[in-house]
Amino acid sequence: MNATLGWIQLALYLGLLLVITKPLGLYLLQVLDARGRTWLDPIVGPFERLTYRLGGVDRNKEQHWKQYTISMLIFSLVTMLVTYAMLRLQALLPLQHLLNPQGFSAVGDHLAFDTAASFTTNTNWQSYGGESTMSYLSQMVALASQNFFSAAVGIAIAAALVRGIARHCADTVGNFWVDLVRITYYLLLPICLVFAIFLISQGMIQNFKAYDAAALTEKETIQVPKNDANGNPMKDAQGNAITVPQVVDTQSIPEGPMASQMAIKMLGTNGGGYTNANAAHPFENPTPFSNFIQMLSIFAIPSAMTFYLGRMVKSPGHGWSVWAAMALLFLAGFFICWHYEAAGNPILTQLGVNPADGNMEGKEVRFGITNSALFATITTDASCGAVNSMHDSFTPLGGLVPLFNIELGEVVFGGVGAGLYGMLVFVIVAVFIAGLMVGRTPEYLGKKIQSFEVKMSMLVLLVLAMDILGFTAWACVSDWGKAGLNNQGPHGFSEMLYAYSSVTGNNGSAFAGLTASTYWYDTTLAIGMLIGRFLMIVPIMAIAGSLAAKKLIPAGPGSFPVSGATFTFLLIGTVLLVGALNFLPALALGPIVEHFLMLAGNKLF
Amino acid sequence: MNILKEIKTSVVVTLVLLIICCGIYPLVVFGAGQLLFPKQANGSLVLDGDGKPIASTLLGQTFSADKYFNPRPSAAGQGYDSTSSGGSNYGATSQALHDAVKQRVADYRKANNLPDTQLVPGDAVTASGSGLDPHISINNALIQLPRVAKARGMSEDDLKKLVDQCTDGRDFGILGEPGVNIVKLNLALDGKFK
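So the sequence lines, in the order shown, correspond to chains A and B.
Heads up: the first sequence begins at 111 in our numbering, then just goes up one per residue.
Heads up: the second sequence begins at 66 in our numbering, then just goes up one per residue.
A portion of the hints provided could be inaccurate.
[To be verified] Pairs of lysine-lysine, BS3-like flavour, derived with a Cα cap of 30 Å:
id	chain 1	residue 1	chain 2	residue 2
1	B	K73	A	K176
2	B	K167	B	K249
3	B	K132	A	K329
4	A	K176	B	K70
5	B	K225	A	K329
6	B	K259	A	K319
7	B	K225	B	K215
Since the hints were derived computationally from the structure, they do not count as laboratory data.
Assemble the whole structure, with the sequences as input and the hints as a guide.
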């Protein structure tokens, strides 16, 4: 490990992110304008118009916030049903030999429900291992489609909210169908096309052949459980599982259409892996270069959205102030995570492991400590949830960072669209607090912030906290909850807390030791995701509609400036304060107590 | 607003988007990949003389004999099972992790003839995130080098040259960490690679 190179990589990352923010933001301004012009118009325009004609969409007709929301909800329901049906029918759909060469059977009912909810809500929580569960058709259509759709929906909602802030005395916030189609055609698809081909160049697979059987150089004999005639594991008189030796002489190498799906998985901050190991798998993330570009693609659109905000509300400084708040929160999280992962696990040091190598359990050699900590911070700042190392095996405080990032609401750049609309809720709360402190009616960019907006904002924050803490509390007093644990003691509690934080925040990463493919976990996690997505979007759309209708009042000496360092630090303070008040008690029972136990080193679980 | 019309629009737009995003797009990527980067797109396979696959250079395998560089411990299935990728997911205060690492440290020292006081490289005794990590750290490879050289009757200098050839450095000299690809290295030692 080389600390200097770590700093250089961080600087390179943040520098490149800053460089692409403005051009991509300018492009977003055109994409998110029904009459915007881009250089792709000659190629994409005909497809766009054809889609409107087939769907009966009038591109010039805007929608009221309620209509916009209903269109979005109906679309999400329809696509979720498609995904669910395709997973259930996996073994019956056409072209089995080509698109399901491994002959995977139908996905079970609660797992299919959990997975459909997961991909529809941009969560991509996975209670299954992709390479042993999903056919090529399921990966390429049932799951990858939602990677596009849920990303486009997120960006559309953020655009509607920004329009609501930018407009005054207006009763519409845009047209959902136009936003959906334009985001998909002009933004997501073109970038993914280039990105996917780049990923192949680095070693990612994209094919339709059956899994290859590689003849191993060294055959090995493993012990496998012996099953009776009904397929149930057999036990001896003492109740121990009976095993039989089995010679392993081949390695089954997974194949399939991975690159096309992984490009949108990262760009759309979806995070659902093709394989169980996600972006730690050498096929899904073959080189440090592919890792770097994947990390950049997570933050690319969320970062550009802040520029879009600034331009739309005619206050570029506001957009950059929000960007700065996000960047500072990102850096703080990364430094903590990096420090503790590099310091290693003192319990293992005592056993003779070189502490200079840091905590390598669950990490890949090609990424090392720095890029594992960086990826973990980025993927949870955003609602991505792809992982290039196993967060479950992070040191307690190193693992606290991704957990707390999610619990802050994933507003540090955040998910595509979701990050910006989540952060704007905190902006409203921050402006409200500032207004209270000086005893004036709070204003935000010339609009009075009144009780309706504050109520809706508080609803969003309460849903976040109650969804996470309520389900965690239920799981940790239930037998089904404790049965799924891979670790005991405080770390077991952290596994449950992380799971419900992840699904509520629509993140999808996990303390992956948790066995979640059970009826109770699948169902509660799926409900948690749907609440975390749609019970947040509806109040946010209500805010958009309410702000759009308001009159503009000229800025006076009492108006609170929403650009500059004071605003940036007020915003950071608000985000941290709300997060800490909601979640510190729970964190104290999990990662924080585990940290002290690790330092003491005399109590293992 | 007419809900039925919205449902119809939903269904039609979904179908159109499915055809474009999940039909045309992956096929274009497939075509481009097969044309431009056929080796990578098909799994970076290593073939034997008859054209049958014996490995992927990206996926680790079990090599436990003294004459091979040993890979990292693996939590994928019962070890390097590439249909079951994943890590151990043991937390820092896990008894199971403690016991496994204790055993691995002892085994590693014994196999490589190290004194009981010598620190062991972190990657040598911990499981990777994927369970399929094809790399070991350079330090780990250098500790194993004398053992492999002795088992094969090779000079350490010749073996060191081969290790260097099979080392994947940082991309652009900056990104990531260097690692020795043990799949390439062990197959090269057996004359099955390059």
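Starting from K167/B, check that the Cα of K249/B is at most 30 Å away, please. Holds. K167/B to K249/B sits at ~29 Å (cutoff 30 Å).
Given the hinted pair K176/A and K70/B, is their alpha-carbon gap at most 30 Å? 16 Å, holds
Take a quick look at whether K225/B and K329/A sit within 30 Å of each other, Cα to Cα. 27 Å, holds
Hint consistency between K132/B and K329/A [alpha-carbon to alpha-carbon, up to 30 Å]: 15 Å, holds
Verify the proposed pairing of K73/B with K176/A, using a straight-line Cα cut of 30 Å. Judged against 30 Å, a Cα distance of about 18 Å means the pair holds.
Under the criterion that the straight-line Cα-Cα distance not exceed 30 Å, is the pair K259/B, K319/A satisfied? 25 Å, holds
Within 30 Å, alpha carbon to alpha carbon, are K225/B and K215/B? The hint holds at about 13 Å.
Comparing the model with each earlier hint shows no violations; every hint is respected.
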